[in-house]
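For the record, the sequence lines run as chains A and B. Using this note's numbering, the first residue of the first sequence is number 54, and each one after it goes up by one. Using this note's numbering, the first residue of the second sequence is number 54, and each one after it goes up by one.
It cannot be assumed that every hint is accurate.
Which copy? The list can't say, so a pair holds if one copy fits it or any two copies do.
Capping the alpha-carbon separation at 27 Å, the derived lysine-lysine pairs in BS3-like fashion look like this [what the hints assert, rightly or not]:
#, residue 1, residue 2
1, K426, K291
2, K291, K201
3, K225, K147
4, K147, K265
5, K376, K291
6, K147, K241
7, K426, K159
Hints were generated in silico from the structure; no laboratory data involved.
There are 2 protein chains.
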Amino acid sequence: MKRSGFNRRSFIRNTATAAAGMLIVPSISHGSIGAPFISRNMKPRIRFSVIGINHGHINSQVETVIEGGGEFVSFYAKEPDLSAAFAKRFPQAKVARSIEEILNDKSIHLVVSAAIANERAPLGIEVMRHGKDFLADKPGVLTLDQLKDVRKVQKETKRIYAILYGERLENKATIRAGELVKQGAIGKVIQTIGLGPHRLNAPSRPAWFFNKKQYGGILVDIATHQCDQFLFFTGSTKAEVVASQVGNFNHPQYEMEDFGDAMVKGDGGTGYMRVDWFTPDSLKTFGDTRLTVLGTEGYIEVRKNVDLAGREGGNHVFLVNNKETRYVESNDVELTYGRLLVDDIINRTETAMTQEHCFLAAELAIRAQDQAKNITSK
Amino acid sequence: MKRSGFNRRSFIRNTATAAAGMLIVPSISHGSIGAPFISRNMKPRIRFSVIGINHGHINSQVETVIEGGGEFVSFYAKEPDLSAAFAKRFPQAKVARSIEEILNDKSIHLVVSAAIANERAPLGIEVMRHGKDFLADKPGVLTLDQLKDVRKVQKETKRIYAILYGERLENKATIRAGELVKQGAIGKVIQTIGLGPHRLNAPSRPAWFFNKKQYGGILVDIATHQCDQFLFFTGSTKAEVVASQVGNFNHPQYEMEDFGDAMVKGDGGTGYMRVDWFTPDSLKTFGDTRLTVLGTEGYIEVRKNVDLAGREGGNHVFLVNNKETRYVESNDVELTYGRLLVDDIINRTETAMTQEHCFLAAELAIRAQDQAKNITSK
Numbered sequence: 054m055k056r057s058g059f060n061r062r063s064f065i066r067n068t069a070t071a072a073a074g075m076l077i078v079p080s081i082s083h084g085s086i087g088a089p090f091i092s093r094n095m096k097p098r099i100r101f102s103v104i105g106i107n108h109g110h111i112n113s114q115v116e117t118v119i120e121g122g123g124e125f126v127s128f129y130a131k132e133p134d135l136s137a138a139f140a141k142r143f144p145q146a147k148v149a150r151s152i153e154e155i156l157n158d159k160s161i162h163l164v165v166s167a168a169i170a171n172e173r174a175p176l177g178i179e180v181m182r183h184g185k186d187f188l189a190d191k192p193g194v195l196t197l198d199q200l201k202d203v204r205k206v207q208k209e210t211k212r213i214y215a216i217l218y219g220e221r222l223e224n225k226a227t228i229r230a231g232e233l234v235k236q237g238a239i240g241k242v243i244q245t246i247g248l249g250p251h252r253l254n255a256p257s258r259p260a261w262f263f264n265k266k267q268y269g270g271i272l273v274d275i276a277t278h279q280c281d282q283f284l285f286f287t288g289s290t291k292a293e294v295v296a297s298q299v300g301n302f303n304h305p306q307y308e309m310e311d312f313g314d315a316m317v318k319g320d321g322g323t324g325y326m327r328v329d330w331f332t333p334d335s336l337k338t339f340g341d342t343r344l345t346v347l348g349t350e351g352y353i354e355v356r357k358n359v360d361l362a363g364r365e366g367g368n369h370v371f372l373v374n375n376k377e378t379r380y381v382e383s384n385d386v387e388l389t390y391g392r393l394l395v396d397d398i399i400n401r402t403e404t405a406m407t408q409e410h411c412f413l414a415a416e417l418a419i420r421a422q423d424q425a426k427n428i429t430s431k
Numbered sequence: 054m055k056r057s058g059f060n061r062r063s064f065i066r067n068t069a070t071a072a073a074g075m076l077i078v079p080s081i082s083h084g085s086i087g088a089p090f091i092s093r094n095m096k097p098r099i100r101f102s103v104i105g106i107n108h109g110h111i112n113s114q115v116e117t118v119i120e121g122g123g124e125f126v127s128f129y130a131k132e133p134d135l136s137a138a139f140a141k142r143f144p145q146a147k148v149a150r151s152i153e154e155i156l157n158d159k160s161i162h163l164v165v166s167a168a169i170a171n172e173r174a175p176l177g178i179e180v181m182r183h184g185k186d187f188l189a190d191k192p193g194v195l196t197l198d199q200l201k202d203v204r205k206v207q208k209e210t211k212r213i214y215a216i217l218y219g220e221r222l223e224n225k226a227t228i229r230a231g232e233l234v235k236q237g238a239i240g241k242v243i244q245t246i247g248l249g250p251h252r253l254n255a256p257s258r259p260a261w262f263f264n265k266k267q268y269g270g271i272l273v274d275i276a277t278h279q280c281d282q283f284l285f286f287t288g289s290t291k292a293e294v295v296a297s298q299v300g301n302f303n304h305p306q307y308e309m310e311d312f313g314d315a316m317v318k319g320d321g322g323t324g325y326m327r328v329d330w331f332t333p334d335s336l337k338t339f340g341d342t343r344l345t346v347l348g349t350e351g352y353i354e355v356r357k358n359v360d361l362a363g364r365e366g367g368n369h370v371f372l373v374n375n376k377e378t379r380y381v382e383s384n385d386v387e388l389t390y391g392r393l394l395v396d397d398i399i400n401r402t403e404t405a406m407t408q409e410h411c412f413l414a415a416e417l418a419i420r421a422q423d424q425a426k427n428i429t430s431k
């Protein structure tokens, strides 16, 4: 396969202004507080395109990259209706006539995608082979076969294959929890429990959402978030599935799994996760997503989206250790993922997320899915 | 082995007054609201003794039975220091000279025990063989061998072998949650998640607490509560362990497990439980015990002992279904276990808890313990 001439040298030439601008940004570790923020008004540092807009997550993906210093140049979607709405939302982006037009545009550094889930890995491989970095909506990889190919091409091309695990990277409370853990507030982490309930709203879902080959199964689809958080909070670089289950308990009319859970174990701790499509109508958010991090000296509970019959809004962090039991503010947390990803694209670094972590989270979710016992009640 | 002459006929004769009193008490199903309450001042309906006071739970066990209509007659403990303190707390009870004195006292209907955990089953067997009913602190049975013997003798003698699973039976919020589920507030139950953290306070613990043969392991010891709740809320009458783990992550100086978790599955739903000895010093309770019940039409979260940085006290119930998201009061719940147990002792019924449920909860915890993978980090 032909490789594009995209390399670090041409990259720097293409983004000279941006690269200069970058120099004023100090190296900032993940999730630090009070770091300088590159506003929308700064000169863009990279140019990016979008291919595939089949999930609404694409909007926040694009916004994250723009916030981080990306110029949204062009997009392609094969669905005219989706394309029209998207063009309206992002008028600055040109509508490309084909995927190839974007792949062959040497000025583009990054391709962002929320294509149908099983099409993301093959697309990402093409993107990397064209010398560009790739940012996929989660799940970014659906099967072990896909993962093998993606890992191989990523290694060959040295491009970035990023997956936006938004339940951590775009959630201020979870980032604050990460800071607390890093500061030693709860000692050494022993276990994480992640709950990821979601509202189904079946009529609003496209057909591919109910086709397992296309969406991957509930653990691959949703629990990849919990796998990411488990690895991150326990600091695990190796992990295995202890046990996992999936089932369809209340939606026999659909080809779907409405429940899934898994016990996992890594070299830094253990974890449990449960995901489901049972968010009740009365809840004011898509899901009462929770994360509990148990440490040797305390624990943290994150109520990401809602504090039931309690405080307004989302981003609730509760810290309990030997010294104090307290509510921790997190609305002041800066979401740095977009900026760090753009830094990484420019500097060929891994500050937003290591490639290995990104793949391992996907792998763990896929293995949980593959090994899951179906417990659908008869 | 010699059986005592204790039977329903002599029982009724011995408790004639109480039995008459009983007639004014309507049959009340578990956990119903606003039922009449038999006060401490009513004439006692049964006579009971205590054998073994090695765990402080004995105090609430005794109080529960007194509240339910029991007259606390006598007790025996082999430890003079424990005995002296207990006699001070319950001056109405005579100090027996031996276990046999209590076993051979035909006026005694029930023996209550919080002996060292591995001594409860053998004691309970003797108690049943002497024609009396038995109420053990949890864990009421430590091994499958013990359980086999207890089941056999219970069947032969038709005595009650009760275990006080206090995290449900003595927790108003959990009882309220049970009522809500029974009323159909969350549809059909799919899963329970039970978290049972405890404060260690190692210096306050007796030696047997650190001897696995005597305390049984963390899943047998603590998670028996979560097994009871899993079976109760899912309505399961059969259950198996999917996976389980135990570990000692931060107390290498003790022979103990400070962490344990398990995935279980029953014929009425699935469950996850985690127990640990990591309650931090700052928390105003022994543990932030939680129960989450997921149903097809909603979910309930019970924060049993504390609402972190929130409402005062314990017994917090949160209900989320398609109609509403609300905090549910539970401080008005009547704790009926003691009364129902005394009813059962008199009427030879199973209204407080079925014998099979009692044993199955113990069995599930024992199987989880036996199958647990030790994940103590090196």
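- Is the C-alpha distance from K291 to K201 at most 27 Å within one copy, between copies, in both cases, or in neither? Result: close within a single copy only, 16 Å intra versus 41 Å inter.
- Between copies, within a copy, both or neither: which fits K225 and K147 at Cα up to 27 Å? Neither: 32 Å inside a chain and 61 Å across chains, both beyond 27 Å.
- Can you give me the call for K147 and K241, within, between, both or neither, at a CA distance of at most 27 Å? This pair counts as neither: shortest intra-copy Cα distance 49 Å, inter-copy 50 Å.
- Should K376 paired with K291 be assigned to within, between, both, or neither, using CA atoms and 27 Å as the limit? Neither: 32 Å inside a chain and 43 Å across chains, both beyond 27 Å.
- Message: Regarding K147 and K265, is the shortest C-alpha distance of 27 Å or less found within a copy, between copies, in both, or in neither?
- Response: Close neither inside one copy (33 Å) nor across copies (69 Å); limit 27 Å.
- Identical-chain pair category, K426 with K159, by Cα at 27 Å: Result: close neither inside a copy nor across copies, 46 Å intra and 53 Å inter.
- Using 27 Å as the alpha carbon limit, work out where K426 and K291 are close: within a copy, between copies, both or neither. both (23 Å within a copy, 18 Å between copies)
When the structure is compared with the earlier hints, violations turn up for hints 3, 4, 5, 6 and 7 and for no others.
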